[in-house]
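Enquirer: Spelled out, the chains give:
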Amino acid sequence: MVEAERGSQHTTQLHRGVVEYCVLALLRSGETYGFDIVRRLSAVDGMVTSEGTIYPLLTRLRKDGHIRSTWRESSSGPPRRYYRLTEEGERALAQFQRAWVRFRDGVDGVLEGGGA
Amino acid sequence: MTGQLVDDYVGRLRRETTDFPHGDRREIVEEIEEHIREALAERPGASEADIRGALARIGEPAEIAAEARARLGIPTPRFGGMEIAALILLPVGAVVAPLIYLPIGGYAAPIIAWVVGVVLLWVSPAWTVREKLAGTLIVPGGLALPLTLLLVPSGRLICPRAGRLDAGPCRPSVSPTVETLIGALAVVLIVATIVTPVVLARRLRARTA
Numbered sequence: 059m060v061e062a063e064r065g066s067q068h069t070t071q072l073h074r075g076v077v078e079y080c081v082l083a084l085l086r087s088g089e090t091y092g093f094d095i096v097r098r099l100s101a102v103d104g105m106v107t108s109e110g111t112i113y114p115l116l117t118r119l120r121k122d123g124h125i126r127s128t129w130r131e132s133s134s135g136p137p138r139r140y141y142r143l144t145e146e147g148e149r150a151l152a153q154f155q156r157a158w159v160r161f162r163d164g165v166d167g168v169l170e171g172g173g174a
Numbered sequence: 035m036t037g038q039l040v041d042d043y044v045g046r047l048r049r050e051t052t053d054f055p056h057g058d059r060r061e062i063v064e065e066i067e068e069h070i071r072e073a074l075a076e077r078p079g080a081s082e083a084d085i086r087g088a089l090a091r092i093g094e095p096a097e098i099a100a101e102a103r104a105r106l107g108i109p110t111p112r113f114g115g116m117e118i119a120a121l122i123l124l125p126v127g128a129v130v131a132p133l134i135y136l137p138i139g140g141y142a143a144p145i146i147a148w149v150v151g152v153v154l155l156w157v158s159p160a161w162t163v164r165e166k167l168a169g170t171l172i173v174p175g176g177l178a179l180p181l182t183l184l185l186v187p188s189g190r191l192i193c194p195r196a197g198r199l200d201a202g203p204c205r206p207s208v209s210p211t212v213e214t215l216i217g218a219l220a221v222v223l224i225v226a227t228i229v230t231p232v233v234l235a236r237r238l239r240a241r242t243a
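Protein sequences, first through last, are from chains A and B.
With our numbering applied, the first sequence corresponds to residues 59 to 174, in that order.
With our numbering applied, the second sequence corresponds to residues 35 to 243, in that order.
Which bits of chain A does chain B cover? Going by a derived footprint, with three or more residues having C-beta under 8 Å, they are:
| # | stretch |
| --- | --- |
| 1 | 101–113 |
| 2 | 116–122 |
| 3 | 133–139 |
The following label-pair restraints were derived from C-beta to C-beta distances:
| # | chain 1 | residue 1 | chain 2 | residue 2 | range |
| --- | --- | --- | --- | --- | --- |
| 4 | A | Trp129 | B | Val233 | 34 to 44 Å |
| 5 | B | Val40 | A | Ala152 | 39 to 49 Å |
| 6 | A | Trp129 | B | Val212 | 54 to 64 Å |
| 7 | A | Glu89 | B | Ala119 | 42 to 52 Å |
To give a feel for the contact side, a few chain B residues facing chain A, derived at Cβ under 7 Å:
| # | residue |
| --- | --- |
| 8 | Asp58 |
| 9 | Glu61 |
| 10 | Ile62 |
| 11 | Glu65 |
| 12 | Ile66 |
| 13 | His69 |
| 14 | Glu72 |
| 15 | Arg91 |
| 16 | Ile92 |
| 17 | Gly93 |
| 18 | Glu97 |
| 19 | Ile98 |
| 20 | Glu101 |
| 21 | Ala102 |
| 22 | Arg105 |
| 23 | Leu106 |
These are computed hints drawn from the structure, not numbers from a lab.
Note that CB positions come from ideal geometry on N, CA and C, so glycine has one too.
Working from the sequences, and respecting the hints, build out all of it.
Expert: And the structure:
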């Protein structure tokens, strides 16, 4: 029980750090709205446990200046917030990607017994 | 019925986020509402079970609020020592001051107690700005004393100077109606002073439960 909780807490921390950059990466292909971001992230196994938790993250990224939001008319229903990657966000994403690849390769190496 | 499910859900999300900065709260609630609209638009004629499923995938409002606190650095409201002290000091200044002249500190001590209570009320992250304003303005605090003292003497008797020819019996300086009004105002002030901290305590307890 305690072990399982601790494990899921680690997963949550790891998730928090990584999901953030996955959102930025999704926006590299162009601006889109929240529901679409959540749907595309949810398609990745284990990426999103509760869809609603993506929205506070979008608020955070906007405050950090990594993304920008604008209201756009939608063909169906009321206007939506569209999110777009900023230059600052792009820089942060590139930096993360370099660090991530190094980290992932290192972890894989250790897990497979060939590292260190 | 189905609209009720969504309303209940959004209501719970609003309650979980009452203490958030206004803009953050509006943005998150609006986006979740929009998400629900989009999810249900994909399934016209969604059954109650469909809606429950969609809301379950979005997650418990408490979970979303917790994530938002972690992401946005919003402290979890606590019913701690500071909050208890604020709720005790606020009415103490207002109720004690008009009744008792304390041997130490005189009338100043209760008024200082009220001021400290107000400071704690505003420093604590537990209440919304609206609740803090209510706590400061409705709890008349130090104001109850000067108000009562200013009003009461106007009800004293006025007696004609002795020795004058037209000297008559003493008359009250204000009419009975005005006296009743002053009495009623005093009662309202004292009741508000006691009720407001109780309301603030109950709202905070509901939020931290």
